[in-house]
Amino acid sequence: MDAVMNWFGTPVGSAVVKVLVVGNVVPLLVSFLVWLERRVAAWIQDRTGPNRVGPFGLLQSFADLLKFIFKEDVLPGHVNKPMYLLAPALAVIPPLVALAVIPFADRMMIADLDTGVLAVFAFSSIGVYALALGGWASNSKYALIGGVRASAQLISYELVLGLAALGVFMITGSLRLHDVVTDQANGLLIDGTLRDGFLPKFFDWNIWKQPLGALLFFIAALAETNRAPFDLPEAESELAAGYHTEYSSMKFALFFLGEYAAMVAISGLFTTLYLGGWTLFGAENLFAGTPALQTAWQIAIFTGKVVFLLFTIIWIRWTVPRFRYDQLMDLGWKRMLPISIGWLVFTALATWAYAQHVR
Amino acid sequence: MAYVKVKRRKLTFAERTYVAPIAKGMVTTLKHMLQLGGTERVTMEYPEQKWKLPDRYRGAPVLVKDAAGREKCVSCSMCEYVCPPRAISIIPGEIDGPVEKAPKVFDIDMLRCIFCGYCEEVCPEEAIFMSEEYELCGQTRAEMVFPKDKLYAMGEKFGRDGRTKDPVKKYDRLVSEAAAQGLDLTK
Numbered sequence: 001m002d003a004v005m006n007w008f009g010t011p012v013g014s015a016v017v018k019v020l021v022v023g024n025v026v027p028l029l030v031s032f033l034v035w036l037e038r039r040v041a042a043w044i045q046d047r048t049g050p051n052r053v054g055p056f057g058l059l060q061s062f063a064d065l066l067k068f069i070f071k072e073d074v075l076p077g078h079v080n081k082p083m084y085l086l087a088p089a090l091a092v093i094p095p096l097v098a099l100a101v102i103p104f105a106d107r108m109m110i111a112d113l114d115t116g117v118l119a120v121f122a123f124s125s126i127g128v129y130a131l132a133l134g135g136w137a138s139n140s141k142y143a144l145i146g147g148v149r150a151s152a153q154l155i156s157y158e159l160v161l162g163l164a165a166l167g168v169f170m171i172t173g174s175l176r177l178h179d180v181v182t183d184q185a186n187g188l189l190i191d192g193t194l195r196d197g198f199l200p201k202f203f204d205w206n207i208w209k210q211p212l213g214a215l216l217f218f219i220a221a222l223a224e225t226n227r228a229p230f231d232l233p234e235a236e237s238e239l240a241a242g243y244h245t246e247y248s249s250m251k252f253a254l255f256f257l258g259e260y261a262a263m264v265a266i267s268g269l270f271t272t273l274y275l276g277g278w279t280l281f282g283a284e285n286l287f288a289g290t291p292a293l294q295t296a297w298q299i300a301i302f303t304g305k306v307v308f309l310l311f312t313i314i315w316i317r318w319t320v321p322r323f324r325y326d327q328l329m330d331l332g333w334k335r336m337l338p339i340s341i342g343w344l345v346f347t348a349l350a351t352w353a354y355a356q357h358v359r
Numbered sequence: 360m361a362y363v364k365v366k367r368r369k370l371t372f373a374e375r376t377y378v379a380p381i382a383k384g385m386v387t388t389l390k391h392m393l394q395l396g397g398t399e400r401v402t403m404e405y406p407e408q409k410w411k412l413p414d415r416y417r418g419a420p421v422l423v424k425d426a427a428g429r430e431k432c433v434s435c436s437m438c439e440y441v442c443p444p445r446a447i448s449i450i451p452g453e454i455d456g457p458v459e460k461a462p463k464v465f466d467i468d469m470l471r472c473i474f475c476g477y478c479e480e481v482c483p484e485e486a487i488f489m490s491e492e493y494e495l496c497g498q499t500r501a502e503m504v505f506p507k508d509k510l511y512a513m514g515e516k517f518g519r520d521g522r523t524k525d526p527v528k529k530y531d532r533l534v535s536e537a538a539a540q541g542l543d544l545t546k
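Protein sequences, first through last, are from chains A and B. Take the first sequence: its letter number 82 is residue 82 in this note's numbering, and every next letter is one higher. For this note's numbering, count along the second sequence from 1 and bump the result up by 359.
Treat the hints as calculated values from the structure; they're not laboratory data. All residues carry an ideal CB built from backbone N, CA and C; glycine is no exception. Warning: the hint list may mix true and false statements.
Here chain B is said to cover these stretches of chain A; the calculated rule only asks that three of the stretch's residues, wherever they fall, bring their Cβ under 8 angstroms from a Cβ of chain B [to be verified]:
1) 43 to 50
2) 313 to 320
Some chain A residues near chain B, calculated using beta-carbon distances under 10 angstroms [what the hints assert, rightly or not]:
3) Val25
4) Val40
5) Leu215
6) Ile219
7) Pro229
Listed next, with one range per pair, are the computed distances between beta-carbon atoms [unchecked claim]:
8) Glu515(B) x Pro76(A): 54 to 62 angstroms
9) Gly428(B) x Asp46(A): 46 to 54 angstroms
10) Thr193(A) x Gly396(B): 42 to 50 angstroms
11) Lys71(A) x Arg368(B): 49 to 57 angstroms
Make a model of the complete structure from these sequences and hints.
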C-alpha cells in the first residue's frame with residue numbers, strides 16, 4: 001500500500017492520476033454541458049427542457065449516450081474508410097490534450113510547459129483536420145461544404161485568437177500559464193506601493209487590462225469552437241448537419257464530445273488568460289492549512305469560472321442568429337484582424353510606457 | 360411610382376459594432392430565461408398537468424346508463440349504420456321488462472373510430488356520448504376493440520355530468536304512454 005502511495009508521489013504517478021481524473025471529469029462536464037445547453041435553450045424559449053431522467057433531468061445525457069452506444073454504426077459504402085474513421089478520433093483528442101496545459105489549481109496541471117499557450121493553440125489547430133477530413137472523407141456534398149467552411153473559418157479566426165492572446169503575454173512576460181495566473185493575483189501597483197486588497201486584486205485580472213483583447217479573444221473562441229453565431233460548418237438549416245452528416249452512432253457522439261470538450265478547453269484558456277484562473281482575490285488561499293482542501297477549493301473556483309463562461313457561450317448561441325458566410329469572412333479579416341493588430345501595438349506602447357513609469 | 364424606396368435609419372457607431380445590439384438581445388433572452396418582465400413558461404408537464412378540455416371536445420365514444428342504472432341503449436343500430444368508418448358493431452339481444460331490446464354485444468373499434476360524433480348525434484335514446492377520454496392506447500389490435508362493459512365503465516368515468524347522467528327516461532315515457540292506453544308495463 002505504501003509503495004502505491006509513494007508511486008503517486010512521483011512525477012509519473014501523479015501525472016497518471018491527473019490524466020485519469022481530467023480524462024474522466026471532462027466527459028462528465030461535457031454531459032452536464034449538453035444538459036445545460038438544452039435546459040438553457042428551453043428556458044430562453046419559454047419551455048422547460050429535459051427534466052425527466054434523474055434529478056432535474058441531469059441524467060439525460062447518460063440516457064442519450066446509451067442510445068448512441070446501441071445504435072447501428074453505419075459505415076457508408078461511398079466513404080474513404082481510413083480518413084472517415086480517423087476524423088472522429090481527431091475531433092476528441094486535441095481538445096483533451098489542450099486541457100493538459102491549463103492549470104486548474106496552484107501547481108495542478110498535467111504538463112507544466114514553458115511554451116504553455118502555444119501548445120494549446122498548436123493542438124487546437126489540429127482540430128481543423130477532424131472537420132476537414134470528416135467532411136472530405138464522407139464523400140457527400142453537405143459534408144464537404146461543411147468541411148470546407150470549417151477549415152476556412154478556423155484558419156481565419158485562429159489568427160485573431162493568437163493576436164488577441166499576445167497582449168496578455170506582453171503584460172505577463174511569460175508563456176507559462178501558471179505565471180499568467182499568478183501574475184493576475186498580485187494586486188495593483190499604485191503610486192509605487194503594492195495594493196493587494198480585494199478590489200486591487202479584482203482589477204489585476206487581465207480582462208481589465210485587456211478589455212478589447214478579451215472581447216476579441218472571446219469572439220474568436222466562439223468561431224474556433226464552431227458555436228453560434230459562427231456555426232456555419234454545421235449550419236443545420238443549410239447543410240443537414242455539415243461535416244458530420246454521414247456519421248452515426250458513437251462516431252457522431254465523438255464529434256459531439258469533441259465539440260463540447262473544445263468549448264471546455266477554450267473556456268479554461270479564457271479563464272486562465274483573462275479571469276485569473278484559479279485565483280479569487282485572495283480567497284483562493286482560504287484553506288492554506290490543509291493542502292488537499294486548498295486544491296479542491298481552487299479547482300472549484302476554476303470550474304465555477306469555466307461553467308459561467310460555458311453558460312455565456314450557450315446564452316449567446318440562443319440569442320444571436322447565424323452570420324452569413326461573407327459576413328463571417330468580412331468580420332474576421334477586415335474588422336477583427338486590423339483591430340487586434342491595432343490593439344497589440346497599443347498594448348506594446350502602453351507596456352513600454354508603464355515600464356518607463358515604474359522605473 | 361412603381362416602387363417605394365424605404366428610408367433606412369443610419370445605424371449609430373455602437374450599433375455597427377454588433378456588440379451593443381447583441382448585449383441588448385442577451386438581456387431579452389435572460390429575461391425570458393428568468394421569467395422576468397411578463398414572460399412565462401408555456402410548456403405543460405403532460406402526464407401530471409392536463410388541458411381543460413373545451414365543452415364540445417369529442418373524445419372516445421362511450422355508453423351510458425340512466426339514473427336508475429339501466430342500459431339506455433335499445434340496440435336500434437342507428438349508430439352502427441351512420442358510423443362512417445364502421446367502427447361500431449352491435450348484436451341485439453332480448454331483455455325482460457318494458458323495453459324489449461338491449462345490446463348483447465356492443466363493440467367500438469377505437470382504431471377505426473374517427474371521433475366524428477355522428478353516433479352521439481343520431482342516437483334516439485341518448486345512450487352514446489363523446490367522452491373526454493383521449494388517452495387510448497394498447498399493444499394489440501384486438502385490445503383496441505372496446506367491448507360493452509368497458510364502454511359503460513368509461514361512461515361512468517369520463518362522462519360529463521348533467522349530460523350522461525340524465526334522469527331519462529325511455530322507461531318512464533314508455534310506461535306513461537302505455538298507461539294512457541290502459542296498459543300497465545310496470546309488472
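Tested hints:
For the segment 43 to 50 of chain A, the proposed coverage by chain B is satisfied: 6 residues have a C-beta within less than 8 angstroms of a C-beta in that chain, meeting the threshold of three. Counting residues of the segment 313 to 320 of chain A whose beta carbon lies closer than 8 angstroms to any beta carbon of chain B gives 5, which meets the minimum of three for the stated coverage. Using the Cβ-Cβ criterion of 10 angstroms, the hint placing Val25(A) at the interface with chain B is not satisfied: the shortest such distance is roughly 27 angstroms. The interface hint given for Val40(A) is met, as the beta carbon of that residue sits about 7 angstroms from the closest beta carbon of chain B, less than 10 angstroms.
About 7 angstroms separates the beta-carbon of Leu215(A) from the nearest beta-carbon of chain B, less than 10 angstroms, and the hint is met. The interface hint given for Ile219(A) holds, since its Cβ lies 9 angstroms from the closest Cβ of chain B, which is under the 10 angstroms cut-off. Against a cut-off of 10 angstroms between C-beta atoms, the interface hint on Pro229(A) holds, since the closest Cβ of chain B lies about 8 angstroms away. Separation of Glu515(B) from Pro76(A) is about 57 angstroms and conforms to the stated range, judged on CB atoms against 54 to 62 angstroms.
Here the CB-CB span from Gly428(B) to Asp46(A) is close to 48 angstroms, well matched to the stated 46 to 54 angstroms. Look at Thr193(A) against Gly396(B): about 47 angstroms separates their beta carbons, and that is inside 42 to 50 angstroms. The given range of 49 to 57 angstroms is respected by Lys71(A) and Arg368(B), whose C-beta atoms sit roughly 51 angstroms from each other.
Comparing the model with each earlier hint shows a violation of hint 3 alone; every other hint is respected.
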